[in-house]
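Given the structure of chain F, go ahead and fit chains S, G and U onto it with the hints provided.
The lines below spell out each chain.
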Amino acid sequence: MSLSKEQIAQRIAKEVKDGYYVNLGIGIPTLVANYVRDDISVEFQSENGVLGMGPFPFEGEEDADIINAGKQTITTLPGASFFDSSLSFGMIRGKHVDLTILGAMEVSENGDIANWKIPGKMVKGMGGAMDLVASAENIIVAMMHTNKRGDSKLLKRCSLPLTGVQCVKKIVTNLAVIEVTNKGFKLLERAPGVSVDSIKDATDGTLIIDGDVPEMNL
Amino acid sequence: MSLSKEQIAQRIAKEVKDGYYVNLGIGIPTLVANYVRDDISVEFQSENGVLGMGPFPFEGEEDADIINAGKQTITTLPGASFFDSSLSFGMIRGKHVDLTILGAMEVSENGDIANWKIPGKMVKGMGGAMDLVASAENIIVAMMHTNKRGDSKLLKRCSLPLTGVQCVKKIVTNLAVIEVTNKGFKLLERAPGVSVDSIKDATDGTLIIDGDVPEMNL
Amino acid sequence: MIKKKVSTVSEALLGVDNGMTFMLGGFGLCGIPENTISELVKLGVKDLTCISNNAGVDDFGLGLLLQNHQINKMISSYVGENDEFERQMLSGELDVELIPQGTLAERCRAAQVGLPAIYTPAGFGTEVAEGKETREFDGKMYVLEHAFKADFAFVKAWKGDEAGNLIFKGTARNFNPVMCGAAKITVAEVEELLPVGSLDPNQIHIPGIFVQRIFKGEKFEKRIEQRTVRKRD
Amino acid sequence: MIKKKVSTVSEALLGVDNGMTFMLGGFGLCGIPENTISELVKLGVKDLTCISNNAGVDDFGLGLLLQNHQINKMISSYVGENDEFERQMLSGELDVELIPQGTLAERCRAAQVGLPAIYTPAGFGTEVAEGKETREFDGKMYVLEHAFKADFAFVKAWKGDEAGNLIFKGTARNFNPVMCGAAKITVAEVEELLPVGSLDPNQIHIPGIFVQRIFKGEKFEKRIEQRTVRKRD
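Residue numbers (full-length UniProt numbering), protein chains in the order written: chain F, 1 to 218; chain S, 1 to 218; chain G, 1 to 233; chain U, 1 to 233.
Next comes chain F alone, as it looks inside the complex:
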């Protein structure tokens, strides 16, 4: 069974370790916060200028001055802080954020990522994504394995304008957990009930299969 978006988030949550400062992108990554274990200490950073994000506010308590990078109203937890955009990207560029989780339109087998522009069609801008992928040492991409037309999003080379080069370390899709190695996409785990062959079929770039590939443990 291919994973739901919630399940992708659930699997990624297992990559979040005690003591991590984590930046979550818009979309599936945002959901990761819901699945992080209660017994570890993690703080969420949002690049518009907040560290220590909490859940959405209760109805009627939303504050226009307290939002995340997705422009959603949020709350903060005890120990939170607010800061300006320069210091916020200083945290990112200075490698103080331990883990970055973001979505992608395409990832190539050498770790390039494209997620900000479809020439002639969609030009919303890169926001903070280029800063994040250029600096983070630990980047996990959360995405569906194929796009709406059924084309693979794991490619030999990205066809869309890049967001960053050779930066993605791990990919979690609805079908698989994949590590980006210098030889290509290495299949680490399969979604429950999903065969290695169907993952192969859905992957355009080089897929490395090394012995038995276990099913994910959600």
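Do not take every clue at face value.
As the list claims (entries may be wrong) - Covered stretches of chain F (in silico footprint by chain U; criterion: 3 or more residues with CB under 8 Å from a CB of chain U, positions within the stretch not fixed): (1) 35-47; (2) 85-98.
Claimed, not checked - Simulated pairs of lysine-lysine, DSSO-like, Cα-Cα distance not exceeding 30 Å: (3) K219/G / K169/G; (4) K132/U / K124/S; (5) K46/U / K121/S; (6) K117/F / K46/G.
Derived by calculation from the structure, the hints in this document are not laboratory data. Every residue gets a Cβ at the ideal spot worked out from N, C-alpha and C, and that includes glycine.
Relative to the frame of chain F, chains S, G and U by itself:
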């Protein structure tokens, strides 16, 4: 009569205009604050991280955490602010400070200044002086016209290691007010009772005398 | 104390003219200089270059200036959520330079603190770096990005005093502090304009030296883009 | 919330070793990490490189480490007021690199925020720029200065919480904020160490992400270098 240090400060105070943010160096420059007119608004910045400095504290009210760049205990006036060293030098480098007044060991006729080191004898360091002279558009040097041995401190070329190049615009000494032009030191004013000839004698660099040189008005 | 207070938004915007470059604070619709933008619409100044992280939405924020065809060029990091923007961009009416958000912040700060340019890893190997100087430090590649030059910076703060000192609130801080002093003239609009001495010198986010004019905004709508809430248990 | 609190100064200094590079906050004797320095004297670690604006006085601050011959090299902007320092420097026992104060601050900040180097006009045309790359931007000359690399940053704050958030007081702020996160490990000593939630998120000078360990200093002497006062009228 040659001016006292207090009188040099008094003369320089006339250069301080309404609305100026001013950085005062250690020594004679510090005294300038005492002579600024009451009817204009001026704020004093100290590069260790305070804007809006006031007078020294009353006895018993000194606070080790509130000092100026000369390490003297100070007070702040209403409207003051504290900030870190990076923002403080940002004010200086970003040309937000309108006037810098500092001392010198030597000034050359092209506006070079030396005030931080005597090789083999005195090496205290430049502190913030190099940043100040490299960025300020409006720099006044406050110093005695000659050193303790009677040698001129206004030279053709500085003999000591430089603090900055072609940056000094005006010099106020115990003998004269001098403008640094691209042709050399231009004599603007004489200290009361001091002759043009005696200023000439005390000046090693090119001294430009253009018509009648008036006496200072303190 | 040097007074920066002006009484009205029109006084605050004296000198604003066609063809100028403006920096505008805010992230999305959060912490934007609402009163200034309304006045710019009224003034009708045209051919503007605007440096701002986003371009507002169709009927609020910078979207109002776009509707009015006052902007020639936008320098932003993200411009979604704005149909009129997209139309003008695709039709070629509007020139758009998209740059990484951290680069935007640091190019503002560079202007503020007198650094001529900075090296950032963001955008290396992408079209953002095309035509720009790149350089290796310690085995990593960086792109040289220059300090912005702007005529006016328009920022929005929470509290301010007559000396121009500013305090921001929550994530409405964002780009506002780094734009102060990054243009020839910085104009701050604040929710509360207090007498000098009201603010703790230790808690000021931006000292008044970076601000030339400050005024109390007449009205702050503070529109929310994505109202996300949870139900009480 | 990620806890940064440690109970003792010795726990805070775990991992400190001979030959390391330290950054130390403070301007003169104002805002220096007193408790950390005392512990470094006790530990007797040697061959240190210290990056700090000043070198203390003979019997306080970094002067204590100098007396004890623990420092090999100082990177500072001003080192007056210290006879032992001068003796060691002139005799060649101590290597000294003097750099402009603003350059010192910005090289710390560069390390903190991941900028590899900065261009500053300070020191151009002087011996400080000798052997360094220089470059013209807009008709003005600048010197390329690199981000510092250090093993530990030792800072002193006024209030802190268990998450490592810091608030500084008055001019004791100085270099402390820009050194946080500029070394591999940042250790903050504070006068008051408060439970998480005690500090207003809006008033935090340095977020805890830049601090690895925080402890309450046992004693703060806060010596004054130049006690200047005026008489009451």
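(request) Against the earlier hints, flag every one the structure doesn't satisfy and list their numbers going up. (result) Nothing - there is no hint that the structure violates, so all of them hold.
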